[in-house]
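Number of protein chains: 2
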Amino acid sequence: MNIGGQAFRTIWPCDAGNSIQVIDQRLLPHRFEITTLATLDAVASAIHDMTVRGAPLIGATAAYGLALALQQDASDRALQQAVNTLQAARPTAVNLRWALQRVSQQVLALQPAQRAASAWQAAQQIADEDVAINHAIGQHGLALLRQRWQALQRPLQILTHCNAGWLATVDWGTALAPVYAAFDAGIPLHVWVDETRPRNQGASLTAWELGQHGVAHTLIADNLGGHLMQHGQVDLVIVGSDRTTRCGDVCNKIGTYLKALAAHDNDVPFYVALPSPTIDWHIRDGLAEIPIEQRTADEVLYVQGKNPQGQLQQVRIAPDNTPALNLGFDVTPARLVSGLITERGMCAASEAGLLQLFPEHAS
Amino acid sequence: MNIGGQAFRTIWPCDAGNSIQVIDQRLLPHRFEITTLATLDAVASAIHDMTVRGAPLIGATAAYGLALALQQDASDRALQQAVNTLQAARPTAVNLRWALQRVSQQVLALQPAQRAASAWQAAQQIADEDVAINHAIGQHGLALLRQRWQALQRPLQILTHCNAGWLATVDWGTALAPVYAAFDAGIPLHVWVDETRPRNQGASLTAWELGQHGVAHTLIADNLGGHLMQHGQVDLVIVGSDRTTRCGDVCNKIGTYLKALAAHDNDVPFYVALPSPTIDWHIRDGLAEIPIEQRTADEVLYVQGKNPQGQLQQVRIAPDNTPALNLGFDVTPARLVSGLITERGMCAASEAGLLQLFPEHAS
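Residue numbers (the numbering used here), protein chains in the order written: chain A, 2 to 364; chain B, 2 to 364.
Treat the hints with care, as some may be off.
Note that identical chains are pooled: a pair holds if it fits in a single copy or bridges any two copies.
[Said to hold, decoys possible] Distance condition first, Cα-Cα at most 20 Å in a straight line; then the derived SDA-like pairs of lysine to any residue:
id, residue 1, residue 2
1, LYS307, ASN322
2, LYS307, ARG317
3, LYS307, PRO324
4, LYS307, ARG32
5, LYS307, GLY212
6, LYS307, THR37
7, LYS307, GLN357
8, LYS307, SER277
9, LYS307, MET51
10, LYS307, GLN213
11, LYS307, PHE33
12, LYS307, THR52
13, LYS307, ASP25
14, LYS307, ILE35
15, LYS307, GLN7
16, LYS307, GLU34
Bear in mind the hints are in silico, worked out from the structure with no lab data behind them.
Let's have the full structure, built from the sequences with the hints guiding it.
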């Protein structure tokens with residue numbers, strides 16, 4: 002996608018394959034800075050501190066991180082340590098695990114001397130595949146949005162939570178891929194952007210990337226969506242997913258479940274756009290089986306923004322001694338999901354629905 | 002209630018009845034300042050800019066404001082103008098209208114020369130009655146909490162949204178009156194405090210007043226409550242109400258509806274504590290009939306807090322040109338409300354339930 006008219010991905014190799022560069026997403030929307038990551042630890046930190054975030058981008062970043070680690074030490078032991086370090090950086094993200102497994106399996110079959118180059122190639126492939134997957138999600142979602150627009154005969158009102166846009170992936174986005182595809186196809190639309198406390202990814206990332214692309218949007222507090230749906234101001238909800246179970250339960254940014262409840266209560270279709278690597282075929286019951294990442298209370302207690310002098314600053318919003326709890330995700334049960342949008346098409350949020358598209362996982 | 006061990010109300014007369022003093026709630030929790038209001042315009046501004054907020058406190062403040070206006074000009078015309086000015090300061094608040102009507106009716110029967118003193122007396126009475134009403138709500142709620150505690154045999158987990166504590170009233174609070182009563186009665190409990198974007202009344206006011214009173218609490222993003230309820234970590238929800246219809250629909254701070262949906266989906270009792278002046282006996286359908294106040298987009302786009310130097314500061318959380326929509330309230334349909342806690346006791350959220358407690362409104 003474009004930033005100031007220039008085409009960017011969120012991650013790319015540089016320095017002849019000895020480092021990668023990423024957009025430092027912690028500084029958006031107020032500063033656009035590119036940061037270079039040259040070591041395993043730098044990559045793990047960038048994942049943990051959310052310099053990069055979004056399930057698909059985390060997966061691609063971790064794959065590059067493994068390649069960088071293997072450039073230093075390509076032994077089995079070092080490989081396993083690197084996998085553990087990267088896995089621990091964001092425990093909920095299933096793409097992360099998937100990407101690490103894929104690269105590990107590929108390189109374990111090789112002699113240590115060949116591993117780094119092979120891992121690097123695998124990381125490149127994961128990044129390129131992510132772009133292709135998201136483009137396909139966009140095309141399937143476009144058909145859905147076109148249908149809905151033709152039925153309503155007025156600009157579409159779409160609500161999204163968090164950032165599942167191109168900043169969350171290598172390119173295109175997941176939840177926003179259909180939005181960009183529809184916008185580019187000339188379908189009139191407007192996006193309600195949940196600010197997405199506590200980290201405000203909606204306010205800082207989704208609003209920014211939609212604005213860069215010229216898509217009409219309005220920022221709202223996370224509390225507003227229910228009211229909008231009660232009053233017919235939302236035609237559909239599209240969110241992303243960090244992990245989806247075999248039965249269609251969706252683990253996504255904290256607060257997603259509340260929007261799904263409101264959509265259900267008001268007959269608003271609630272779609273989840275997800276690349277298949279975020280599907281965890283090993284689990285069924287999202288509420289019981291998905292560990293939810295607990296993050297620092299400071300993300301609730303402090304808010305970062307631009308001060309009147311134009312500098313990034315954190316301010317504390319609570320009394321000095323107030324304790325806070327900060328969980329990153331919640332699980333939306335499949336019963337509240339109208340449909341899943343994957344790179345192979347749309348399906349019901351159920352085991353049967355998913356297996357129709359992905360029959361290779363039937364066993 | 003106590004601040005630093007000293008007993009305070011949120012509003013009190015001073016200067017021999019020529020002004021009132023209030024706590025400037027915009028500066029909490031970082032600064033505790035008392036501000037003096039001596040004119041109609043000062044009072045209207047204090048209501049509009051939320052120096053004072055909370056339906057019951059707004060009502061009492063407006064009554065004092067009318068008294069101050071009548072000290073300057075006690076003509077019928079001036080009275081009507083003052084009523085209009087105060088009414089416009091917060092259009093959703095039904096207490097405001099109720100308090101203005103009550104004072105107006107009382108003074109219109111008098112000669113202009115007697116009106117100011119009479120209005121002042123009426124305002125004092127409204128303030129004192131609010132304290133008595135909230136104390137009664139606390140006692141009825143205490144019975145409910147005691148019952149629930151005895152059934153569960155472990156510390157109660159209570160979730161609340163916004164600030165319906167003593168800062169929202171003249172004293173005691175509405176939603177928090179039962180919490181304070183239970184705490185004072187030795188019932189072990191812990192409160193989940195929704196931060197309540199966009200104005201963060203939970204983070205800044207509820208956390209502060211619970212802390213001053215010594216009640217265990219944890220601040221959470223508004224997005225977290227659904228997850229907590231899914232995992233059995235909330236035993237009941239208690240919120241306040243800015244306006245309740247004859248049929249039990251509850252208009253309260255934006256986001257309340259989402260919590261009610263989550264409570265309903267997880268069989269968590271959802272109670273609304275309300276003084277009867279917030280009941281609007283003239284309307285039935287809250288969604289159709291209650292106008293929702295639209296506030297400035299800046300409340301969404303900027304967050305106020307304490308910077309590292311200890312000063313209050315606003316930071317912008319969105320890109321420079323991002324538009325935002327800011328509505329103050331939503332409506333929770335009566336079907337999602339487990340019960341109403343009023344000064345006369347508890348009842349079902351329905352016309353029949355309310356009329357059992359308030360039979361004088363049957364006609």
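Review point. How do LYS307 and ARG317 come out at 20 Å by Cα distance, when the copy is not named: within, between, both, or neither?
Key: Result: close both inside a copy and across copies, 14 Å intra and 5 Å inter.
Point to revise | Alpha-carbon proximity context of LYS307 and GLN213, limit 20 Å | key: within (19 Å within a copy, 31 Å between copies)
Practice item. With 20 Å as the alpha-carbon cut-off, assign the pair LYS307 and GLY212 to within, between, both or neither. Key: within (18 Å within a copy, 30 Å between copies)
Exercise for review: Could you figure out if LYS307 and ASP25 sit no more than 20 Å apart (CA to CA) within one copy, between two copies, both or neither?
Suggested key: within (16 Å within a copy, 25 Å between copies)
Point to revise | 20 Å Cα threshold - placement of THR37 relative to LYS307 | key: Answer is neither; intra-copy 24 Å and inter-copy 32 Å both fail.
**Study point:** Homomeric proximity label, LYS307 with GLN7: Cα distance no greater than 20 Å
**Key:** Neither. Shortest intra-copy (25 Å) and inter-copy (38 Å) distances fail the 20 Å Cα cut-off.
Review point. Using 20 Å as the alpha-carbon threshold, which applies to LYS307 and THR52: within, between, both, or neither?
Key: Within one copy only: 18 Å inside a chain, 25 Å across chains, cut-off 20 Å.
Check your understanding: Is it within, between, both, or neither for LYS307 and GLN357, if the alpha carbons may be no more than 20 Å apart?
Key -> Result: close neither inside a copy nor across copies, 48 Å intra and 54 Å inter.
Review point. Is it within, between, both, or neither for LYS307 and PRO324, if the alpha carbons may be no more than 20 Å apart?
Key: between (25 Å within a copy, 16 Å between copies)
**Study point:** Alpha-carbon proximity between LYS307 and MET51, which holds within one copy, between copies, both or neither at 20 Å
**Key:** within (18 Å within a copy, 24 Å between copies)
Exercise for review: First find the shortest C-alpha distance between LYS307 and SER277 inside one copy, then the shortest across copies, and answer within, between, both or neither for a cut-off of 20 Å.
Suggested key: neither (37 Å within a copy, 43 Å between copies)
Point to revise | Up to 20 Å CA-CA - ARG32 versus LYS307, copy category | key: within (10 Å within a copy, 22 Å between copies)
Of the hints listed earlier, those the structure fails to meet are numbers 6, 7, 8 and 15, in rising order.
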